[in-house]
Amino acid sequence: MTNEPRGSRADIDALAFARGALTRRDFMRRVGLAGGSLAAANLLAACGGSVGGASTQNPGSSAAAVKYPHTVSPDWNWSNWTLYIDEKNHRHPSIDMFDAKYKTHTNYIEDINDNEEFFGKFQATLQAGQDIGRDMVTLTDWMAGKWVQFGYVEPLEWDILPNVKSNLLPTYHGRSIDPNDEFLVPWQSGLTGIGYNSELTGRDLTTVSDLWDPKFKGKVSLLTEMRDTFGLVMLNLGIDPSKCTTADAQKAHDAIKPYVDNGQIRAFYGNDYSNHLANGDLTAAMVWSGDMVQLLPDNPHLKFVVPDEGCMLWTDNMMIPKHAKNPYNAHLWMNYYYQPNIAALVEDWVNYICPVNGAAEVLKAGDPSIGLAGDPKVADNPLIFPPKSTLDKAHVFKSLSADEETQFNTLFADLTGTA
Amino acid sequence: MSRVYRLFRSAPAYPLLLPGMVWLAIFFFVPMYYLLDMSLRTGNLLDGFNQVYRFANYSDAIRENKEQFIRSIIYAASATALAFCISYPLAYVIAFRGGRYKNFLLMLVIAPFFTNYLIRTLAWETILADHGIVTSTLRSLGVLTATDKLGFTSGQRLLATPLAVVTGITYNYLPFMTLPLYVSLEKIDKRLLEAALDLYANRPRAFMRVTLPLSLPGIFAGTLLTFIPAIGDYINAYLLGSTQTTMIGNVIQSKFLTFNDYPSAAALSFTLMAGILVFVIIYARILGTEDLA
Amino acid sequence: MAAGTQVTQATGAQQDTARPRKAPSRFWAKVRYQLLNVFAGLAFLYLLVPIAVVILFSFNDPPGRFNFTWHKFSTAAWQHPFATPGIENAVVLSLKIAFLSTIIATILGTLMALALARYSFRGRSVTNFVIFLPMATPEIVMGSSLLTLFISVSFNRGFTTILIAHIMFNISYVVVTVKARIYGFDRRMEEAAMDLYANELTTFRKITLPLIMPGVLAAALLAFALSIDDFVITQFNAGPDITFPLFIYGAARTGVPVQVNVIGSMIFLIAIGLMAVNILYQNYRGKRDAIAMSGAVRKAQLAEAA
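Protein chains in written order, with the numbering used here: chain A, 1 to 419; chain B, 420 to 712; chain C, 713 to 1018.
Looking at chain A on its own, in the form it has when it is part of the complex (with noise of 0.2 Å):
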């Protein structure tokens, strides 16, 4: 994973402003709404929050930095998106060994299918200052920014983190989202590129441009995901989707709205597309390298494709949530899930990118302690694994503004018929 620090020097100061004057503001409000009996309380847990955010200046190195009360809860509660984890017979075989070890339930809920989606059922809570039921959440690296942007998050203790210390690949430090690595770990990284049945097809593609073929009418599928439609329409336009404009945007809008209204674009789905896929009412689509990969087994035409123009990268983040009430677990499961033989474990299974070093080996020779046989065709898939020819093609959603994020959703939601 060559992830390179996303944004400039002045964006990630920027960041670091906006989350300071943020705190702040976030703060007058709690008190504009101070009156009610909860007041006294809010009050309380505001002040907490922006001391505890404000104390972290030097994360990972700093020792005493965050301090959650170290006793494990016998219940916890994970929101992750649908097929993210390891599954054997119904079961969770990584989460079932966390809980036989720290003596813990998990409540593993698979309930976000799109970052907007869930970040919209939760914001007024979030806003309101309350805990939203969720220990950890597993958010896009984009949304995962808007969260530590708003103080949404809690930080990280490191103290309790060693395996996440060691065994992260480098290139995640450091992220323009979390400057100072201290809200976010890393689940799993993915491409988005271009998935399509060779035998209704019947022909290799290479390109976006591929998708707007006249013979897949009303066959084809892009992303309810604006950063990952946008993006990859960008690429094929020639545009850099990490230092993009409205104008840009614009162009990308205009370059689809024709497939949209003469019907070519079937639809903009989230992982449903692949279902579609998988039953033939799609013929090509804009997809998640993960997907495909697990689609596979099932279905042999199924094909992935970077595109010769470049794919998009992106990265899901673990994160506790702002006023959660386990912190603790979280952080326990951060560092379960960062030791090799754990990711690996996952990995056979999840088929995205691993972030955790170390995992590709385990997955070679697997590991009978865990139940993981050697996998080597996971371990040297190029999807799961990839050499630097892919990562070159790579390109990062750049940071947006919250009046260039408005632009581009209003332009991306006349496409999808939401506008």
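Calculated directly from the structure, the hints in this document are not laboratory data.
Treat the hints with care, since some could be wrong.
[To be verified] Each computed SDA-like pair below joins lysine to any residue, with the alpha-carbon atoms no more than 20 Å apart:
#1 A:88 <-> C:787
#2 C:784 <-> B:550
#3 A:257 <-> B:485
#4 A:217 <-> B:555
#5 A:217 <-> B:521
#6 B:521 <-> C:984
#7 B:609 <-> C:745
Place chains B and C on chain A using the hints.
Below, chains B and C alone, put in the same frame as chain A:
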């Protein structure tokens, strides 16, 4: 009538009504007020929504979503019409020819109600799949070529077309149409039909002059009970439709739950509610049903 | 309806072909007669095919994670209906909400129905209108307005808000169902009781309650069914909680597990079983009152009468 009973009758009804009415007031009417209030605000979750009485929220929201509004009306009206065409003969057969199987047949009508709404719709996704039996049969019969030309379907497929969405809506609300029709047809005195047949000596005319007018209350209730939920529906458009078939419900849902754009979502929601109320009143006038509370 | 009032009393059902008439052609009359039956048969097919698909696919053994194409017969999912992670919590939550909302809505609604059926009081028609309105409002409007309320007063969404919403939309249906039953019974029994006991509470307990009980039970069943099936209003007000319908909505994105079909089929079969028992019981008692069979029918009737 005994004195005690008179006393009993005049005892106040209000205490009995109070808890339920309070509940409905707080959780049905007060929210409507908040919806109206929200629809005139501006802002976002982060900075808060300020009340500025911006009535332009309405014109903006309606202008931007004219297409979805019109589509919702067309789909809901089509689904209501289809449901009526399917339900009337069905209700007629059950009411007049059901005999001792009436209850059993009614049970069959209500049966789909008892599987979850989403599961039913997902079943339609399976049935209408591009490579399914239904689609390939219709395709080979050339039916899809015709419906493609009419704009009901496109690309020789059913799924992700207007026809699929309307089929799903019709299906999901069909019992709402059939049951009121059945109830009103069931009530008709069979001897009246006999008399009508003697009088008009012609079955279709007897039907037009007697049966149909007598079932009017059922038609009124059935069309409303189908049309109202259909126009706000978003699940069928979501699961069976495409970008070209989004309805106003989809917009309201995504604005409320995904983008947290509460003011314009509230404006749309309130417009929908007001539009329906106006429609119901006009409709009641036209059909002459003055019994409506 | 003016014509309707002329109908004095209804007698037993007679076939509309009971008497032969002068028709242009017996043959065509017969064809027309059968045509209607065929049409009704097709309508039943349309109604029941999706249900058959749901049940059929609950016995599927899909090779991958998609239960969309038929692969091979298996009862595995029926043996382990809760094997899919998360589904058990969702079903349990749905059941809890359904039980609680049914109990509360049934009590509140029954009291209102008693008031409406028994007393003449000022504001009666307004009350009727207030009860009618939630049934004539699209779910999305109710769901979104409740959400706006909860957001505006910064009330955390979750179990409580789902429960509040379900009680709200259930009340009207309960009132309407119970009211119909109260209108249906002989009030002289109560008068007699009042004369004998001269105590309202005793009369209510010994006479009124047993008499309206079937109506109350039907209302409770309807409320339960409406609650366990509700998606739209719940989606708007669930916050982080996941009911069974919300679980299906999430699963629909990535391939619905066979277990969803199994649980859907179970609920369907239980409901059908209860209805069948009810029908048999009524037939046994010689009551051919179709309306009493189901609250859904009654709702339709009341909406018509409203």
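Now the hints, each set against the structure:
1. For a cut-off of 20 Å, the pair hint linking residue 88 of chain A to residue 787 of chain C stands: about 19 Å separates their Cα positions.
2. Between residue 784 of chain C and residue 550 of chain B the CA atoms are separated by roughly 18 Å; this keeps the pair inside 20 Å, and the hint holds.
3. Taking the CA atoms of residue 257 of chain A and residue 485 of chain B, the gap is near 18 Å; set against the 20 Å cutoff, the hint holds.
4. The suggested pairing of residue 217 of chain A with residue 555 of chain B holds, with an alpha-carbon distance near 17 Å, which does not exceed 20 Å.
5. Distance restraint check for residue 217 of chain A and residue 521 of chain B: the Cα-Cα separation of roughly 48 Å exceeds the 20 Å cut-off, and the hinted pair is therefore not satisfied.
6. This hinted pair checks out: residue 521 of chain B and residue 984 of chain C have alpha carbons roughly 15 Å apart, not beyond 20 Å.
7. Distance restraint check for residue 609 of chain B and residue 745 of chain C: the Cα-Cα separation of roughly 17 Å lies within the 20 Å cut-off, and the hinted pair is therefore satisfied.
The structure is inconsistent with hint 5 alone, although it conforms to all the rest.
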